[in-house]
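Asker: Here the protein sequences line up with chains A and B, keeping their order.
No gaps in the numbering here: position 100 of the first sequence is 101 in my numbering, and each next residue is one more.
No gaps in the numbering here: position 44 of the second sequence is 266 in my numbering, and each next residue is one more.
Careful, some of the hints might be misleading.
What the hints assert, rightly or not - Quick list of the computed label-pair ranges, beta carbon to beta carbon:
#, chain 1, residue 1, chain 2, residue 2, range
1, B, Glu238, A, Ser77, 43 to 53 angstroms
2, A, Gly100, B, Gln338, 16 to 26 angstroms
3, B, Arg281, A, Gly68, 25 to 35 angstroms
4, B, Thr313, A, Thr5, 39 to 49 angstroms
5, B, Thr313, A, Ser10, 18 to 28 angstroms
6, A, Ser7, B, Thr325, 28 to 38 angstroms
7, B, Ser239, A, Arg18, 41 to 51 angstroms
8, B, Asp279, A, Asp17, 43 to 53 angstroms
9, B, Arg328, A, Ser14, 28 to 38 angstroms
10, A, Met106, B, Gly248, 12 to 22 angstroms
11, B, Arg328, A, Pro80, 22 to 32 angstroms
12, A, Gly100, B, Arg281, 15 to 25 angstroms
13, A, Ser7, B, Ile298, 14 to 24 angstroms
Claimed, not checked - Listed next, the stretches of chain B that the computed footprint assigns to chain A, with coverage defined by at least 3 CB atoms under 8 angstroms from CB atoms of chain A:
#, stretch
14, 295-305
15, 333-345
For the record, the hints were derived by calculation from the structure and aren't laboratory data.
Since the structure is predicted, the reported quantities are computational estimates derived from the model, not experimental observations.
The C-beta atom is built at its ideal place from N, Cα and C for all residues, glycine as well.
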Amino acid sequence: IHLTQSPSSLSASVGDRVTITCRASQADATALAWYQQKPGKAPRLLIYDASNLESGVSSRFSGRASGTLFTLSINSLQPEDFATYYCQDFSNYALIFGGGTKVEMK
Amino acid sequence: EVQLVQSGAVVKKPGESLKISCQVSGYIFRNHWIGWVRQVPGKGLEWMGIIFPGDSDTRYNESFKGQVTISADKSISTAFLHWGSLRASDTAMYFCARRPLTTDKRTGREFDFWGQGTLVTVSA
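If we strip away everything but chain A, and leave its shape as in the complex, we get:
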């Protein structure tokens, strides 16, 4: 499985709606997860199984799947949301990560 995540970076303002996409190379990708990582910190799980919000994560975050295209949306971007986001898929025990999307302040 190969994951193509885009864009690699984007600039946005507080209050914007942001969408990040991840395309899987195989049609049976269903267990896609999304993580947020801030500099010097461990990644934090946001979404699992494509669209399920992890406990304790703000409902501003949502995930959708359409075939092999997966999207992470952030509604009404907040200052604490500026970070790097990674998608992750699973195949035969291996966890495969996308290349990351850095969300920067415009």
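Got chain A sorted already, so can you dock chain B onto it with the hints?
Answerer: For chain B alone, coordinates are given in the frame of chain A:
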């Protein structure tokens, strides 16, 4: 409260050996897969491998097979990542992370809890 606490940052020379640790608490260690993820400074996340402490079943990313060894000690609820001979290219942050249990509502194919990371610097 689930916690994964990793050993501290280290500086080593090329050719030296190293074992870093990840001690867990707040859940039954033997019941969850626990994995290791590498992050080279300024780069993305790379899955290295994973172990099921209950029976020591271990799987590796082909890119890391033979370069590192993953192990676990159930008696102290700790997972380990070991290098026999370090290279400068091993300089990175290393994270341990836990997979959740698989249920009828969750595939468990992600990492839900992470350690704080161990920075390994390899330099002559």
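Asker: Now look at each hint and say whether the structure bears it out.
Answerer: Here is what the structure says about each hint:
Checked against the hint of 43 to 53 angstroms, the pair B/Glu238 and A/Ser77 passes, with Cβ atoms roughly 50 angstroms apart. Distance hint for A/Gly100 and B/Gln338: a CB-CB separation of about 23 angstroms, consistent with the stated range 16 to 26 angstroms. B/Arg281 and A/Gly68 have their C-beta atoms about 28 angstroms apart, which keeps the hinted 25 to 35 angstroms range intact. Between B/Thr313 and A/Thr5 the CB atoms are about 27 angstroms apart, so this pair departs from the stated range of 39 to 49 angstroms.
At roughly 24 angstroms, the beta-carbon separation of B/Thr313 and A/Ser10 lies within the given 18 to 28 angstroms, and the hint holds. Distance hint check: the CB atoms of A/Ser7 and B/Thr325 are about 32 angstroms apart, consistent with the given range 28 to 38 angstroms. Taken as a hint, the range 41 to 51 angstroms holds for the pair B/Ser239 and A/Arg18, whose Cβ atoms sit roughly 50 angstroms apart. Judged by the Cβ atoms, the range 43 to 53 angstroms given for B/Asp279 and A/Asp17 holds: they are separated by roughly 45 angstroms.
The hinted range of 28 to 38 angstroms is satisfied by B/Arg328 and A/Ser14, whose Cβ atoms lie roughly 35 angstroms apart. For A/Met106 paired with B/Gly248, a C-beta distance near 35 angstroms fails the hint of 12 to 22 angstroms. At roughly 31 angstroms, the beta carbons of B/Arg328 and A/Pro80 sit within the given window of 22 to 32 angstroms. Checked against the given bound of 15 to 25 angstroms, the beta carbons of A/Gly100 and B/Arg281, roughly 23 angstroms apart, stay inside it.
Distance hint check for A/Ser7 and B/Ile298: the Cβ-Cβ separation is about 43 angstroms, which falls outside the suggested range of 14 to 24 angstroms. Counting residues of the stretch 295-305 of chain B whose CB lies closer than 8 angstroms to any CB of chain A gives 0, so the stated coverage by that chain is violated, three being the minimum. Counting residues of the stretch 333-345 of chain B whose C-beta lies closer than 8 angstroms to any C-beta of chain A gives 6; at least three are required, and the coverage claim holds.
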